[in-house]
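Trainee: Model the full structure from these sequences, guided by the hints.
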Amino acid sequence: MRSVLLGVFGVLVAMSVVAYTLTPAPPRHRTRILWASSANPFRLAQIERFNALHPDLLLQLDSSNNRFEKIIVQNSSGVGPDCFDVLTGSYLQAYVESGVAWDLTDRADALGIKADRDAWPSIHNEITYEGRQYGYPANAGTFMILYNKNIFDRRGVPYPSEDMTWDEFFRLLQRVSESGPAGPRVWGTNAMDYSGRMPVPFLWKTLFYSQHAEFFSADGTHPTIDTPELRTAFRLHRDAVFRYQVLPTGVEVGTMTGQGGWGGTSLTQFAEGRFATVVSGKFAIASLRGFVEQQKRQLERWAADPARQAREPRPEVLRIGVVPLPHFPGRPSCGVALSQTVVINPQSPHREAALKFLQFLASDTYARMVELYGMPGNPSKVRYDYPVSHPELAEHELTRWVTRTMAQGYQTRKSPFLLDFDVERVLNDQVARLEADPALDPDQLVREAQQQLDDLLQANLGRDPRLAALYRARSNPATAR
Amino acid sequence: MRRHPRFVVLLFLAPNLLGFLTFTLVPVALSLAGSFTNWSLRPALPLEFIGLQNYARLLHDQQFYLYLYNTAYLMLALPFSIGGALWLAVLLHGQTRFRHAPTARRATLASGLATLAGAGALWFTGSPNLAYLVGFLGLVATLGFHFGSVTYRTAYYLPNFTAGAATILLWTQLYNPTSGLINQGLGRAAAWLGFEAAGPGWLTSTKSLLGFLPWPEFFNNGGFGLGAREAIMAMGIWAAIGGNNLILFLAGLSNIPPELNEAAEIDGAGGWQRFRHITWPQLAPTTFFIVIISLIGGLQGGFEQARMMTNGGPAGTTTTLSYYIYLQGFERLDLGYGSAVAWVLFLLVFALTALQWSRQARDGHD
Numbered sequence: 001m002r003s004v005l006l007g008v009f010g011v012l013v014a015m016s017v018v019a020y021t022l023t024p025a026p027p028r029h030r031t032r033i034l035w036a037s038s039a040n041p042f043r044l045a046q047i048e049r050f051n052a053l054h055p056d057l058l059l060q061l062d063s064s065n066n067r068f069e070k071i072i073v074q075n076s077s078g079v080g081p082d083c084f085d086v087l088t089g090s091y092l093q094a095y096v097e098s099g100v101a102w103d104l105t106d107r108a109d110a111l112g113i114k115a116d117r118d119a120w121p122s123i124h125n126e127i128t129y130e131g132r133q134y135g136y137p138a139n140a141g142t143f144m145i146l147y148n149k150n151i152f153d154r155r156g157v158p159y160p161s162e163d164m165t166w167d168e169f170f171r172l173l174q175r176v177s178e179s180g181p182a183g184p185r186v187w188g189t190n191a192m193d194y195s196g197r198m199p200v201p202f203l204w205k206t207l208f209y210s211q212h213a214e215f216f217s218a219d220g221t222h223p224t225i226d227t228p229e230l231r232t233a234f235r236l237h238r239d240a241v242f243r244y245q246v247l248p249t250g251v252e253v254g255t256m257t258g259q260g261g262w263g264g265t266s267l268t269q270f271a272e273g274r275f276a277t278v279v280s281g282k283f284a285i286a287s288l289r290g291f292v293e294q295q296k297r298q299l300e301r302w303a304a305d306p307a308r309q310a311r312e313p314r315p316e317v318l319r320i321g322v323v324p325l326p327h328f329p330g331r332p333s334c335g336v337a338l339s340q341t342v343v344i345n346p347q348s349p350h351r352e353a354a355l356k357f358l359q360f361l362a363s364d365t366y367a368r369m370v371e372l373y374g375m376p377g378n379p380s381k382v383r384y385d386y387p388v389s390h391p392e393l394a395e396h397e398l399t400r401w402v403t404r405t406m407a408q409g410y411q412t413r414k415s416p417f418l419l420d421f422d423v424e425r426v427l428n429d430q431v432a433r434l435e436a437d438p439a440l441d442p443d444q445l446v447r448e449a450q451q452q453l454d455d456l457l458q459a460n461l462g463r464d465p466r467l468a469a470l471y472r473a474r475s476n477p478a479t480a481r
Numbered sequence: 001m002r003r004h005p006r007f008v009v010l011l012f013l014a015p016n017l018l019g020f021l022t023f024t025l026v027p028v029a030l031s032l033a034g035s036f037t038n039w040s041l042r043p044a045l046p047l048e049f050i051g052l053q054n055y056a057r058l059l060h061d062q063q064f065y066l067y068l069y070n071t072a073y074l075m076l077a078l079p080f081s082i083g084g085a086l087w088l089a090v091l092l093h094g095q096t097r098f099r100h101a102p103t104a105r106r107a108t109l110a111s112g113l114a115t116l117a118g119a120g121a122l123w124f125t126g127s128p129n130l131a132y133l134v135g136f137l138g139l140v141a142t143l144g145f146h147f148g149s150v151t152y153r154t155a156y157y158l159p160n161f162t163a164g165a166a167t168i169l170l171w172t173q174l175y176n177p178t179s180g181l182i183n184q185g186l187g188r189a190a191a192w193l194g195f196e197a198a199g200p201g202w203l204t205s206t207k208s209l210l211g212f213l214p215w216p217e218f219f220n221n222g223g224f225g226l227g228a229r230e231a232i233m234a235m236g237i238w239a240a241i242g243g244n245n246l247i248l249f250l251a252g253l254s255n256i257p258p259e260l261n262e263a264a265e266i267d268g269a270g271g272w273q274r275f276r277h278i279t280w281p282q283l284a285p286t287t288f289f290i291v292i293i294s295l296i297g298g299l300q301g302g303f304e305q306a307r308m309m310t311n312g313g314p315a316g317t318t319t320t321l322s323y324y325i326y327l328q329g330f331e332r333l334d335l336g337y338g339s340a341v342a343w344v345l346f347l348l349v350f351a352l353t354a355l356q357w358s359r360q361a362r363d364g365h366d
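Residue numbers (my numbering), protein chains in the order written: chain X, 1 to 481; chain E, 1 to 366.
Derived by calculation from the structure, the hints in this document are not laboratory data. We put the beta carbon where it would ideally sit given N, CA and C, even for glycine. Wrong hints could be hidden among the right ones.
Claimed, not checked - To give a feel for the contact side, a few chain X residues facing chain E, derived at Cβ under 8 Å:
#1 E69
#2 E252
#3 E435
#4 D464
Mentor: Next up, the structure:
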């Protein structure tokens, strides 16, 4: 028996040695930079171009470790990626507070990646926190309404217009929604955040931003949650789900598809015709092009097969239109601007090399690439005169609106005393309750959220003397020591 | 070597022991120590010993009570899953193959031909999905005629070979309140009976079978009915009936001396009497083991379902203690508090297990 066990042990050792020798080593004389980002169609082209321009560097994608908690834990443990994506300023704040984002402020100017000079002003808060710069945007955008023209035409309903109020928009969606024997077949709109495994509804947030509202007081010392703006946003969100019945709940959308990852979410469902509209941005183009090409191939196969023509209806090819977000009466259309910011791990041994990647993001070469992939790059470099590859996707119309809305977009305030992340978590919990029980009073939910966040802020101050001192200084500058 | 047997034993144990120390014992000890600190992944907060503050905070944490309730509620499925596994094991324990070989061959052939004809007809009349279903069921029946109960044991255990995530995704779609197969089936059944009724909201609903009880407001009680918790319980029962419990019960059943049943049969005992007075007592050690393991699993369970099916919702009604530990530690970055919750969960598991052991010991003496 002993010899058998020793034999097994020996085989395992031998296999480990073989596996070790087979592990591909990085090419000699090239520094490997690991980038935790999503595996969207744009990434590979982007990486290929960067690597071609930098023969001494090897940029590689790590698409399975780009979630918030993984980044935090890996970076805190010293095994994190060299650079990673940060979606929205809320996450940037959390990363900075966790000490896993490298402060680039003092070198940004010399490197040509200065936030307030080179990037869109409306995403300034997406790459800076408390006046310090921590990254550079890979792309930027605002939310708009993309609508499926096929569905509107089929129902004989006019397309959404540029100057609709939210109420008019929801009523229009009611007309375009379709019900089958098993319930809604075509929903009015999809407004879900898929950054986690399960979709989280964000229509309430869009409605809140649509009023140019803020989560914090100007000095950041108080969460401003129990406000008419948020109460309105909660009520309208509830109405969209239960009164107009044009928006499914987050859990409902979660049961619609088992497919995750890039392109497997709201845009898939929109392209498949399950939603008449989607609250999305110009970045959707990258995915929608793929869907349109696939649908065209299906149409060709159908056209070439008479038996199939007799059996199946003509497959549709997606045709979209775009309008800015609806507005509240007496207010202009308004929304926040967002970016996908690349941030460098301060503990990375290759952080200097990773800076080259940020410089690449600020370059003309990259700006040309993002144009082709349908995204608005750096404002000083983007020309917006790229050739249209998919006329069905209203590419120039999107460009026109994205440049206008990027200029009009705003950034919400951040507070050093309470993470945006926590604010969103508390409010998302309340929205989940609202979606689960329409009888709940939105005003009461907002009041409860205010109380929870006030308590959380006080708990943060109680746990951190440095924060408490800063709070005193901001709340009462005259008496603060 | 002969003079140092302990050294040899340690040598063989070393790989496992080192792994256990590195990845289990040390982290467990660290989490215990961490539960008495303000341990956070935010480096701006200096690490400090805070005594029992995390545990005191937990006493006033309404969410903790809701999630503890959710955990306990989901464990109500355990008797059904254990009972179901036992029932299935008893059914599958016997040899269901035809004793007469020519009869078995004829049945196999007839079943195979019927399956081919049925599935083929459905396929060519434009119902491919139904053809797959009929084909699969027919295949199982055909193999059953040929190989007997081994076929059914394998079929019931098959879901255990499937990745848990895939099973969860499948059930998530089955539970879609409008287009899911379950509500579609219920809707058609209701229509056939002549009335219209909306199906349960399943994963979208905060209703529960104990929803009629006057729970505190923070329990997000949606009233009496079938909701997300029942959906997760039903999936758990489905997975557990044909799972490892079935294998353990089958092993237990095969250890029962057949002469006991034969003697009882000669004495005129019926099937139920034989089960009640022979099978069930003989399976007591197996059942005890399964109950203990299921209790521990139940208290620690619910993570994958919450993570993949519901995000812990709707309104926190499917967040269990294990998911709460994850949320505290890795989403809210509060590892100290998360550790405290984990240790309270450990105490609960330990207390329940100890109680079961003491009951078993007492019943054994009786």
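Trainee: Each hint: holds or not?
Mentor: Each hint tested on the structure:
{"no.": "1", "hint": "E69", "in the structure": "holds (4 Å)"}
{"no.": "2", "hint": "E252", "in the structure": "holds (5 Å)"}
{"no.": "3", "hint": "E435", "in the structure": "holds (7 Å)"}
{"no.": "4", "hint": "D464", "in the structure": "holds (5 Å)"}
Consistency note: the structure conflicts with none of the earlier hints.
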